[in-house]
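Undergrad: Sequence:
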Amino acid sequence: MLRRYHGAATIQPGWGDLPWRYRDPDPARWEVICHSDVAPYNIVYREGLPVGLIDFDVAGTGPKLWDIACAAYRLAPLASDAGCRGFGFGEPPDRIGRLTRFCDAYGLEDRAGLLEKAIVRIEGLRDDILERAAAGDPGVATHLEEDHVGSYNADLQWIRENEAALRAALL
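Numbering (my numbering), first residue to last: 1 to 171.
The set of hints was computed from the structure by calculation and includes no laboratory data. If you're wondering where the values come from, they're calculated on a predicted model, not measured in any experiment. Built from N, CA and C at the ideal position, the CB exists for glycine as well. Possibly wrong hints are sitting among the right ones.
[Said to hold, decoys possible] The calculated lysine to any residue pairs, modelled on SDA-like cross-linking and capped at a C-alpha distance of 20 Å, are:
hint, residue 1, residue 2
1, Lys64, Arg21
2, Lys117, Gly52
3, Lys117, Tyr45
4, Lys64, Gly107
5, Lys64, Arg74
6, Lys117, Leu170
7, Lys64, Ala105
8, Lys117, Asp127
9, Lys64, Arg4
10, Lys117, Arg21
[What the hints assert, rightly or not] Derived Cβ-Cβ restraints for the label pairs, each shown as a range:
hint, residue 1, residue 2, range
11, Glu47, Gly136, 21 to 27 Å
12, Leu144, Ala105, 31 to 37 Å
13, Gln12, Arg98, 31 to 37 Å
14, Asp55, Ala135, 21 to 27 Å
15, Pro27, Pro93, 26 to 32 Å
16, Glu91, Gln12, 31 to 37 Å
17, Gly90, Ala169, 22 to 28 Å
18, Thr10, Tyr41, 22 to 28 Å
19, Gly90, Thr10, 35 to 41 Å
20, Asp147, Asp57, 21 to 27 Å
21, Arg98, Asp55, 34 to 40 Å
All chains should be modelled from the sequences, with the hints used to inform the complete structure.
TA: Rendered as structure tokens:
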């Protein structure tokens, strides 16, 4: 489904001039309009199969790999055991196997930068909360109360602890 979305969301002239929430800083890397939050809660399912995406509030111009990494974070998921439970898994699944199958299903051949993009995404989610809180934004109060910052840090730690196995699986 994500590959089909990317086929339909290929950058067109003028799209980069729109006020996107996310924008890769290098226009040379703009391939598609990235959804940037492909996760179970933003996927429409029909008879148990994914058929569409909703909630494009953080969409913007960027490389396909950004979107793939964002999706892998939430769908493999590239998360701590507690993070997996927070994503709805009773027990942590075979995250490395799921990551490999996800990349295979997408048809992703060049997987070299996927982990780096996922790490940047998770750090960005964490840092956005901290920056908005420092600026007095009341919209992040729930995120702070629910310790999303701690959850993102735990997910980053899991990735770093499993980096060798993740990289080997992505080769």
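Undergrad: Confirm or reject each hint.
TA: Evaluation of the provided hints:
1. Lys64 with Arg21: Given that 20 Å is the threshold and the Cα spacing comes to 16 Å, the pair holds.
2. Lys117 with Gly52: Given that 20 Å is the threshold and the Cα spacing comes to 23 Å, the pair is violated.
3. Lys117 with Tyr45: 26 Å, violated
4. Lys64 with Gly107: 12 Å, holds
5. Lys64 with Arg74: With Cα atoms ~16 Å apart, Lys64 and Arg74 stay inside 20 Å; holds.
6. Lys117 with Leu170: 14 Å, holds
7. Lys64 with Ala105: This hinted pair holds, its Cα atoms lying about 14 Å apart.
8. Lys117 with Asp127: Status holds; Cα separation ~15 Å.
9. Lys64 with Arg4: 12 Å, holds
10. Lys117 with Arg21: Given that 20 Å is the threshold and the Cα spacing comes to 17 Å, the pair holds.
11. Glu47 with Gly136: 21 to 27 Å: Since the Cβ atoms of Glu47 and Gly136 sit about 46 Å apart, the hinted range of 21 to 27 Å is violated.
12. Leu144 with Ala105: 31 to 37 Å: 36 Å, holds
13. Gln12 with Arg98: 31 to 37 Å: 33 Å, holds
14. Asp55 with Ala135: 21 to 27 Å: 24 Å, holds
15. Pro27 with Pro93: 26 to 32 Å: Taking Cβ atoms as reference, Pro27 and Pro93 lie about 37 Å apart, which means the hint is violated.
16. Glu91 with Gln12: 31 to 37 Å: The hint (31 to 37 Å, Cβ to Cβ) is violated, given that Glu91 and Gln12 are roughly 44 Å apart.
17. Gly90 with Ala169: 22 to 28 Å: Since the Cβ atoms of Gly90 and Ala169 sit about 23 Å apart, the hinted range of 22 to 28 Å holds.
18. Thr10 with Tyr41: 22 to 28 Å: Since Thr10 and Tyr41 have Cβ atoms about 26 Å apart, the given range 22 to 28 Å holds.
19. Gly90 with Thr10: 35 to 41 Å: 39 Å, holds
20. Asp147 with Asp57: 21 to 27 Å: With Cβ atoms ~22 Å apart, the hint holds.
21. Arg98 with Asp55: 34 to 40 Å: The hinted range 34 to 40 Å is violated for Arg98 and Asp55, with Cβ atoms some 22 Å apart.
Hint compliance for this structure: hints 2, 3, 11, 15, 16, 21 are broken, all remaining hints hold.
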